[in-house]
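Each protein sequence line maps, in turn, to chains S and A.
Numbering follows the working numbering, with no gaps: position 267 of the first sequence is 359.
Numbering follows the working numbering, with no gaps: position 72 of the second sequence is 130.
Some hints could be false.
Output of the computed footprint for chain S on chain A, the stretches with three or more beta carbons under 8 Å from beta carbons of chain S [claimed, not checked]:
1. 122-135
2. 167-179
Under the rule of at most 27 Å between Cα atoms (straight-line distance), these lysine-lysine pairs were calculated in the DSSO-like manner [as the list claims (entries may be wrong)]:
3. S:K148 - S:K173
4. A:K158 - S:K151
5. A:K132 - A:K187
6. S:K189 - S:K237
7. S:K148 - A:K158
8. S:K189 - S:K151
9. S:K315 - A:K176
10. A:K182 - S:K315
11. S:K237 - S:K332
12. S:K173 - S:K189
13. A:K176 - A:K158
14. S:K424 - S:K312
By construction, these hints were calculated from the structure, which means they are not laboratory data.
The beta-carbon is built from N, C-alpha and C at its ideal position, and this holds for glycine as well.
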Amino acid sequence: MNHDIVNDRRRFLKATMSGLVISALPISLVRLSYAAQGGSDFTFAYISDAHIQHVKGTKFVRNWDRGLIRAVAEANLLEPKPDFVFFGGDLAQLGTKAELDHGAEILSGLKHKMHAILGEHDYYLDLGEYWSKLYGDHYRSWDHKGVHFIALNSIKTYDKWTFDRWESPERRMHEMAGLDNPNSSPFMVGEKQMKWLQKDLSKVSKNTPIIIFSHSPLQKIYKGWNFWTEEADEIQQMLKPFDQVNVIYGHVHQIQYNQIGNIAFNSVMATAWPWPYPETYAQAESHLPILTVPMNRADPFNERDATGWQFMNVHSGRVDLEFSLHNNTNRKVAFNEAAGHPQDMSYVDPANRNPAQRHY
Amino acid sequence: MKRITIFMVFICLAGPSFADEFTQADADRWMAEFNLVAEEGRRLWSSPEIGTNGVACGQCHPNAANTHPETYPKFQKQLGRVIQLWEMFNWCLRNPLEGKEMAADDPRMIALQAYALKERRGVKLDPGKH
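Could you put together the complete structure from these sequences and hints?
In structure tokens form, the structure reads like this:
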């Protein structure tokens, strides 16, 4: 299908990044794969998990800064232009004003309209108060070219943990920031937002495609690292009556995809650093979706390895993801209409897999 | 006869100090000693104190996952030779943590390794594996 065209775009991006700047940007580098059924096809870009980390004074962790700066620069080169860029949460590492401001300044280099959701690293210092000044409501919905979009705050947790357990907001933030911290608490959408979601969905016709952005997976993969949302099962039930639902989530810093009924799940990469797949932790059971062909194991000697951002093609109510990976072969996970689930375009055949995709 | 008696007395006295004799209390103590060091390793793993930029080992390696201690010593192409786990830890200390290397017998380095090995317990040794 549009493989060659996609490769042209990659070559263009790589050539441009290496300084061979082409004066006239080629148009139509991305061909939309399917005819639209109501509404119109469109594209957007997705950047997530920047984890901007303050050292002191004007110094920030250089490595994480570079990942976000590079994603912004590359997203600006997209042609045709995406309708918007979405930021999938964890702009900051410890939720401070310094980190959020520094991250927002880098993101302000985007030439496109931007939306964002909270990650736990943005939230647990002041419960998202400063973040709201930058990016608005914690959860909301809107319609765009025939698709109903829902952005959730899925990284809340039990009130007792949030309000009663810790002596200071800083301590609370530190406890939630450690991915493997046993003092942490499971992610939740919470009762109030669940009611809002139910009400919001009640106004949407069953054949309207839905795209949901959440920071945590709205499926249960591994509780120990919060690859998890407490109300995942209830949310999936709420979404069941709709013909086409797509959930895009961050937090996991790795490629995952799954299909549950009509719901297609896709994770996105981090710009900061990659995370191990949960099954590489030998002491606990986890449930990576069996559909998922893993990303390469990270080469720690290259600081941009196994990091990147995404370009998304929305067509016929489904989403194809093109992973723009800074130090790895780019990947594409597209919705296979015949099979009815997302599918990797290069590595679906086990014989065709890359040795670095074997995790142990 | 006297000699035999003396020998018997010697055996009775020396018995408990044979090298291959130890009690459950000894084994418990030794495991507790190991666990204390592994716990200190876990604390250091999650703490910014061994680097200079606030980054901690656990930020990229939750539960020390993807450190593969069972595959060392192994060839690290980026260093061009076969190295031990502690040398790789020093690479991480220098680079993502922007900190200082530790000697192989630094108690903190031993603690970090004790923690990583403990999280990987039960996995078969597989030196050299990539």
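Verification of the hints:
Counting residues of the stretch 122-135 of chain A whose beta carbon lies closer than 8 Å to any beta carbon of chain S gives 3, which meets the minimum of three for the stated coverage. Counting residues of the stretch 167-179 of chain A whose CB lies closer than 8 Å to any CB of chain S gives 3, so the stated coverage by that chain holds, three being the minimum. In summary, the hint linking K148 of chain S to K173 of chain S is not supported, as the alpha carbons are separated by about 37 Å, beyond the 27 Å threshold. With a C-alpha separation of about 19 Å, the suggested pairing of K158 of chain A with K151 of chain S holds against the 27 Å cut-off.
Only pairs whose Cα atoms come within 27 Å are accepted, and K132 of chain A paired with K187 of chain A is accepted, the gap being roughly 7 Å. As the CA atoms of K189 of chain S and K237 of chain S are separated by approximately 35 Å, the hinted pair breaks the 27 Å bound. Note on K148 of chain S and K158 of chain A: the hinted pairing holds, with a Cα-Cα distance of about 19 Å set against a maximum of 27 Å. Between the alpha carbons of K189 of chain S and K151 of chain S the distance comes to roughly 14 Å, so the proposed pair stays at or under 27 Å and holds.
For the hint pairing K315 of chain S with K176 of chain A, the CA-to-CA distance comes to about 21 Å; that is within 27 Å, so the pair holds. Distance restraint check for K182 of chain A and K315 of chain S: the Cα-Cα separation of roughly 26 Å lies within the 27 Å cut-off, and the hinted pair is therefore satisfied. Pair hint K237 of chain S plus K332 of chain S holds up; C-alpha atoms about 22 Å apart against a cutoff of 27 Å. The straight-line distance between the Cα atoms of K173 of chain S and K189 of chain S is roughly 31 Å, outside the 27 Å bound, and the hint therefore fails.
In summary, the hint linking K176 of chain A to K158 of chain A is supported, as the alpha carbons are separated by about 24 Å, within the 27 Å threshold. Distance hint between K424 of chain S and K312 of chain S is fulfilled; the C-alpha atoms sit about 24 Å from each other, no more than 27 Å.
Hint compliance for this structure: hints 3, 6, 12 are broken, all remaining hints hold.
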